[in-house]
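**Q** Input sequences plus hints: build the corresponding full structure.
Protein chains in written order, with this note's numbering: chain X, 5 to 432; chain H, 5 to 432.
Calculated from the structure, these hints are not laboratory results.
Heads up, none of these hints are tricks.
Put simply, identical chains are the same to the list, so a pair is met inside one copy or across any two.
Capping the alpha-carbon separation at 20 Å, the derived lysine to aspartate or glutamate pairs in EDC-like fashion look like this:
1) K172 - E343
2) K275 - E256
3) K241 - E175
2 protein chains.
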Amino acid sequence: MGELRMSRNANSNSLQMMAGHVDQDRLWQRHLDMASIGATALGGVHRLPFSKEDAESRRLFLSWASARGFGAEMDDFGNIFVRRDGTERTLDPVVSGSHSDTQPNGGRFDGIYGVLAAFEALEAIDDAGIATRRPIEAVIWTAEEADAQFGVGCLGSQAYANPSKLPKLMEIRNNRNIPVKQALAELMEDHPRVGHRAFKSPIAYYVEAHIEQGPELEARDKTIGIVTAIQGHRSFKVQVTGEAGHAGNTPERLRKDALVAAMQIFSELRKVFHDPSDVIRFTVGEMDVVPNAMAVIPGSATFTIDFRHPEPEALKLLGDKIAVVARDNAGPCDVKVSELRNTSPVAFKGIVPETILKAVENLDYSYMYLPSGAGHDARYIAEMCPAGMIFIPCWHGVSHNEAESATLYDMTAGTRVLARTLVELANL
Amino acid sequence: MGELRMSRNANSNSLQMMAGHVDQDRLWQRHLDMASIGATALGGVHRLPFSKEDAESRRLFLSWASARGFGAEMDDFGNIFVRRDGTERTLDPVVSGSHSDTQPNGGRFDGIYGVLAAFEALEAIDDAGIATRRPIEAVIWTAEEADAQFGVGCLGSQAYANPSKLPKLMEIRNNRNIPVKQALAELMEDHPRVGHRAFKSPIAYYVEAHIEQGPELEARDKTIGIVTAIQGHRSFKVQVTGEAGHAGNTPERLRKDALVAAMQIFSELRKVFHDPSDVIRFTVGEMDVVPNAMAVIPGSATFTIDFRHPEPEALKLLGDKIAVVARDNAGPCDVKVSELRNTSPVAFKGIVPETILKAVENLDYSYMYLPSGAGHDARYIAEMCPAGMIFIPCWHGVSHNEAESATLYDMTAGTRVLARTLVELANL
Numbered sequence: 005m006g007e008l009r010m011s012r013n014a015n016s017n018s019l020q021m022m023a024g025h026v027d028q029d030r031l032w033q034r035h036l037d038m039a040s041i042g043a044t045a046l047g048g049v050h051r052l053p054f055s056k057e058d059a060e061s062r063r064l065f066l067s068w069a070s071a072r073g074f075g076a077e078m079d080d081f082g083n084i085f086v087r088r089d090g091t092e093r094t095l096d097p098v099v100s101g102s103h104s105d106t107q108p109n110g111g112r113f114d115g116i117y118g119v120l121a122a123f124e125a126l127e128a129i130d131d132a133g134i135a136t137r138r139p140i141e142a143v144i145w146t147a148e149e150a151d152a153q154f155g156v157g158c159l160g161s162q163a164y165a166n167p168s169k170l171p172k173l174m175e176i177r178n179n180r181n182i183p184v185k186q187a188l189a190e191l192m193e194d195h196p197r198v199g200h201r202a203f204k205s206p207i208a209y210y211v212e213a214h215i216e217q218g219p220e221l222e223a224r225d226k227t228i229g230i231v232t233a234i235q236g237h238r239s240f241k242v243q244v245t246g247e248a249g250h251a252g253n254t255p256e257r258l259r260k261d262a263l264v265a266a267m268q269i270f271s272e273l274r275k276v277f278h279d280p281s282d283v284i285r286f287t288v289g290e291m292d293v294v295p296n297a298m299a300v301i302p303g304s305a306t307f308t309i310d311f312r313h314p315e316p317e318a319l320k321l322l323g324d325k326i327a328v329v330a331r332d333n334a335g336p337c338d339v340k341v342s343e344l345r346n347t348s349p350v351a352f353k354g355i356v357p358e359t360i361l362k363a364v365e366n367l368d369y370s371y372m373y374l375p376s377g378a379g380h381d382a383r384y385i386a387e388m389c390p391a392g393m394i395f396i397p398c399w400h401g402v403s404h405n406e407a408e409s410a411t412l413y414d415m416t417a418g419t420r421v422l423a424r425t426l427v428e429l430a431n432l
Numbered sequence: 005m006g007e008l009r010m011s012r013n014a015n016s017n018s019l020q021m022m023a024g025h026v027d028q029d030r031l032w033q034r035h036l037d038m039a040s041i042g043a044t045a046l047g048g049v050h051r052l053p054f055s056k057e058d059a060e061s062r063r064l065f066l067s068w069a070s071a072r073g074f075g076a077e078m079d080d081f082g083n084i085f086v087r088r089d090g091t092e093r094t095l096d097p098v099v100s101g102s103h104s105d106t107q108p109n110g111g112r113f114d115g116i117y118g119v120l121a122a123f124e125a126l127e128a129i130d131d132a133g134i135a136t137r138r139p140i141e142a143v144i145w146t147a148e149e150a151d152a153q154f155g156v157g158c159l160g161s162q163a164y165a166n167p168s169k170l171p172k173l174m175e176i177r178n179n180r181n182i183p184v185k186q187a188l189a190e191l192m193e194d195h196p197r198v199g200h201r202a203f204k205s206p207i208a209y210y211v212e213a214h215i216e217q218g219p220e221l222e223a224r225d226k227t228i229g230i231v232t233a234i235q236g237h238r239s240f241k242v243q244v245t246g247e248a249g250h251a252g253n254t255p256e257r258l259r260k261d262a263l264v265a266a267m268q269i270f271s272e273l274r275k276v277f278h279d280p281s282d283v284i285r286f287t288v289g290e291m292d293v294v295p296n297a298m299a300v301i302p303g304s305a306t307f308t309i310d311f312r313h314p315e316p317e318a319l320k321l322l323g324d325k326i327a328v329v330a331r332d333n334a335g336p337c338d339v340k341v342s343e344l345r346n347t348s349p350v351a352f353k354g355i356v357p358e359t360i361l362k363a364v365e366n367l368d369y370s371y372m373y374l375p376s377g378a379g380h381d382a383r384y385i386a387e388m389c390p391a392g393m394i395f396i397p398c399w400h401g402v403s404h405n406e407a408e409s410a411t412l413y414d415m416t417a418g419t420r421v422l423a424r425t426l427v428e429l430a431n432l
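**A** And the structure:
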């Protein structure tokens with residue numbers, strides 16, 4: 005830690021100076037060092053949860069902490085907390101961070117930016133010699149991107165905020181039939197040892213920086229997004245079963261074409277989910293036809309529905325219509341609708357977004373309020389403490405994609421806002 | 005060959021006796037032996053064109069020919085002709101057969117029944133000691149079912165009837181980017197050697213027996229279908245390109261959802277191709293979405309259209325509308341329509357269907373006239389000689405499916421009609 009200690013009532017000048025200590029070259033170098041772990045040929049990152057690359061990213065993070073003299077603790081799910089102490093050691097910490105794992109062939113910014121911003125904030129505060137009442141911590145949450153393999157994401161933050169879920173989480177299996185328990189044990193074997201932290205250890209305030217993963221900030225030319233909420237999220241699998249048959253010989257009246265029925269259901273659902281205010285997010289992302297051959301009438305067609313909305317009522321009302329619409333539009337086919345996920349919305353209100361706003365205004369960045377369409381670890385940590393999120397723009401809203409990109413200007417701006425927010429919160 | 009030789013003017017009695025020589029137990033045993041090659045757990049057959057199983061079915065066929073003392077020849081595309089000589093060796097042969105390959109997870113009857121019926125007819129004629137003027141041959145055409153992998157079917161019969169197509173056919177690539185040339189070379193390596201036959205060697209008459217692959221014979225309780233025509237057939241690939249994006253963050257107004265556009269195009273095409281008289285055959289059999297992930301807006305969606313009609317005018321008029329409808333309904337996406345196939349209808353008229361009718365009447369089977377919705381090798385061989393087809397019923401019209409089924413009674417009836425037809429034609 006730096007030798008200079010300022011009064012805990014850091015005034016506006018010292019905060020301004022601290023923002024100046026956010027070092028964009030250091031931030032970028034660390035960004036590059038992280039991006040090299042699991043780097044793909046197309047400029048993305050393939051660093052799956054629990055993988056060797058995941059472990060490697062954690063070793064790098066801990067080596068930075070160690071070089072800086074920051075302490076570190078880890079809980080039994082591998083969530084790592086790097087700590088800069090406060091002047092009042094018994095107070096609960098202010099925590100900031102995100103995840104270091106990625107989607108399959110994902111990008112270099114999703115998740116890891118929030119970790120780098122938090123660590124850079126810790127260093128800038130330290131470089132500025134600012135003392136805070138509360139400790140400030142930078143966290144890596146384990147397996148945020150687990151949904152691609154395990155069908156469920158944010159495993160680490162869910163376990164931390166609500167350890168009663170653990171037995172269930174541990175048994176979830178990935179697409180190679182390996183349970184979370186085993187994948188986690190393998191990660192732990194390869195993991196550097198640090199002090200132990202109990203699940204649900206209190207957190208005073210939580211702030212997560214993240215790329216937007218959507219197009220709004222770029223489209224409206226804003227540097228900072230103050231996140232108002234994380235949408236609720238329901239997802240469904242719709243399995244339509246018809247009868248395969250010869251495309252040349254089977255007359256229309258005798259067909260049970262599963263793709264025709266799937267299309268009819270999709271088309272009706274589009275009408276039900278049409279929203280002139282453009283708040284509803286309704287996506288059919290997967291469609292699998294069997295046997296998927298040109299001259300064969302589809303015998304089955306299975307598709308997924310991803311539906312998100314910030315309001316619990318709309319989430320329930322519209323989501324519950326899916327099975328009804330599917331049944332009413334399946335024609336001569338059978339249809340089965342299963343719900344894969346039902347996560348309620350979380351609003352970010354009060355002190356954390358208010359403090360972010362104050363930081364943005366003091367630093368004079370352009371900003372807007374917006375909800376997050378994606379889920380984040382903040383969704384679960386918000387169940388245990390006041391929380392909020394800072395978004396920065398990303399190129400064309402592209403994310404979960406190797407082409408994901410953000411500018412160093414925006415990354416630095418987000419880190420400055422974060423550092424200032426953390427100091428303010430740590431002095432409350 | 006049998007030792008007894010009858011006069012070439014086989015009378016009605018000898019023909020009736022010959023029909024009695026069609027041996028249903030032998031036919032069924034050979035059916036089972038063939039069905040064991042590439043057998044699937046669900047009772048179907050997976051014997052893809054050019055595969056090891058394809059080669060194995062040919063070895064079995066040639067072993068039967070060899071055991072019986074029939075000669076065999078093969079052309080450079082692997083089409084195999086097993087021959088029972090006629091009394092006048094310089095005359096062109098009467099040829100009958102079909103294919104031994106199958107669709108992916110196809111049935112035990114499609115194609116192979118025509119091969120087995122032709123071979124059984126040769127044996128029955130031989131067992132009855134009937135001499136014919138012309139040679140009679142049983143043929144396996146190569147790669148009839150190639151459309152599932154290569155997008156084009158009936159490769160062997162196309163090559164035989166029109167070898168000028170060969171350079172183009174050889175370059176067609178399958179879904180693993182392997183050209184026909186290479187797949188054929190691999191089949192040939194594994195193939196038993198027989199005498200060489202030149203492409204386009206003349207055929208006097210061609211008769212193909214096949215399961216109907218449609219529901220009409222069963223629905224009308226007829227044993228034999230005399231095929232009047234093979235429908236014209238156009239097929240298309242529609243490639244819709246949008247932009248992948250995060251399902252939770254991208255508002256509707258900024259989306260370029262390729263699956264939504266594909267669905268819209270499909271839906272409009274269904275209206276254009278709606279036909280109260282139920283003659284039009286319009287099928288979307290393949291749909292491939294990229295990246296096909298639940299939380300990602302589809303960046304591309306590619307689907308195929310299989311369109312068949314017995315009338316050339318309808319085929320042109322409606323087929324030509326596809327690209328227009330696709331462009332008009334692609335919304336914010338780009339769309340590219342490529343035509344994969346344009347085969348004009350072929351009518352079966354004159355001596356071959358007339359001889360089939362005579363055989364059916366003499367054997368006193370119930371029958372009806374009907375067009376074929378499916379393409380068959382007979383479609384191409386009809387370009388070089390008079391041709392016709394005999395259909396037998398199949399269960400519920402199900403085909404290109406592991407559940408495909410036909411009764412031994414109908415298989416035997418079709419073989420008796422075929423044997424009698426072949427003898428009559430071989431004495432013309």
